[in-house]
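Below are the chains, spelled out letter by letter.
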Amino acid sequence: AQSVTQPDIHITVSEGASLELRCNYSYGATPYLFWYVQSPGQGLQLLLKYFSGDTLVQGIKGFEAEFKRSQSSFNLRKPSVHWSDAAEYFCAVAPSGAGSYQLTFGKGTKLSVIP
Amino acid sequence: KAGVTQTPRYLIKTRGQQVTLSCSPISGHRSVSWYQQTPGQGLQFLFEYFSETQRNKGNFPGRFSGRQFSNSRSEMNVSTLELGDSALYLCASSLGGQTAYEQYFGPGTRLTVT
Chain A
1 AQSVTQPDIH ITVSEGASLE LRCNYSYGAT PYLFWYVQSP GQGLQLLLKY
51 FSGDTLVQGI KGFEAEFKRS QSSFNLRKPS VHWSDAAEYF CAVAPSGAGS
101 YQLTFGKGTK LSVIP
Chain B
1 KAGVTQTPRY LIKTRGQQVT LSCSPISGHR SVSWYQQTPG QGLQFLFEYF
51 SETQRNKGNF PGRFSGRQFS NSRSEMNVST LELGDSALYL CASSLGGQTA
101 YEQYFGPGTR LTVT
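Each protein sequence line maps, in turn, to chains A and B.
Residue numbers for the first sequence follow the numbering used here, beginning at 1 and rising by one.
Residue numbers for the second sequence follow the numbering used here, beginning at 1 and rising by one.
None of these hints come from the bench; they were simulated from the model.
Where is the CB? At the ideal position from N, CA and C, for every residue including glycine.
Heads up, some of the hints might be wrong.
[What the hints assert, rightly or not] Taking CB as the label site, the calculated pair distances span:
| id | chain 1 | residue 1 | chain 2 | residue 2 | range |
| --- | --- | --- | --- | --- | --- |
| 1 | B | LEU95 | A | SER26 | 43 to 53 Å |
| 2 | B | GLY40 | A | SER112 | 35 to 45 Å |
| 3 | A | ASP8 | B | SER79 | 36 to 46 Å |
| 4 | B | PHE60 | A | GLN42 | 44 to 54 Å |
| 5 | B | ASN77 | A | ASP54 | 17 to 27 Å |
| 6 | B | GLU52 | A | ILE11 | 41 to 51 Å |
| 7 | B | GLY3 | A | GLY16 | 44 to 54 Å |
Next comes chain A alone, as it looks inside the complex:
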């Protein structure tokens, strides 16, 4: 069974600093990979996705993620964090080509931003 690990439960960064959120997955093949963001009291918003091809993926709100097959990782990055980025971030995987559209999520990383 596939699984997703987000090692950092809570991260605090200063506004303007760079950000990297870690995500590791366990799956027999290369899955489809996603990052979602959830603001308090809200649903999840899709930031970016990776299906195949270029391993550096650009998303919305200035986020990017890099797929590294050798490390089974899909880390999320942003060069300069804004106070509005404070939220919880979830990495998710789906089995590629299996016809199963269920997402398996990590436990999430809560991001706090210091003004």
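For this one, chain A is given, so just place chain B on it according to the hints.
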């Protein structure tokens, strides 16, 4: 284009009762998925419907059921509520095909079981 809507937003029920939650997908989306979110277990997949057929089901007891209507709207039902069913229930819709992986989430229904 309007997003995914879920009703009601908040519910308080008593143990042993049953509850029905509703989800209206984005216009044109034919796939609807349901997830349960709790502090302890995180986000867990419940089931996914496409064209009124359940395609995938997560590892939840039979008390959890769902259906999808011809207009793609979906409902989920939980019977014989337990305290552990208290959670945020999220609905997500997608177009279908490979884009079924691109799921757009509603704001959720917060269910509290007392």
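Here's how the hints hold up against the structure:
| no. | hint | verdict |
| --- | --- | --- |
| 1 | B:LEU95 - A:SER26: 43 to 53 Å | 28 Å, violated |
| 2 | B:GLY40 - A:SER112: 35 to 45 Å | 21 Å, violated |
| 3 | A:ASP8 - B:SER79: 36 to 46 Å | 38 Å, holds |
| 4 | B:PHE60 - A:GLN42: 44 to 54 Å | 24 Å, violated |
| 5 | B:ASN77 - A:ASP54: 17 to 27 Å | 43 Å, violated |
| 6 | B:GLU52 - A:ILE11: 41 to 51 Å | 42 Å, holds |
| 7 | B:GLY3 - A:GLY16: 44 to 54 Å | 31 Å, violated |
Hint violations for this structure: numbers 1, 2, 4, 5, 7, all remaining hints satisfied.
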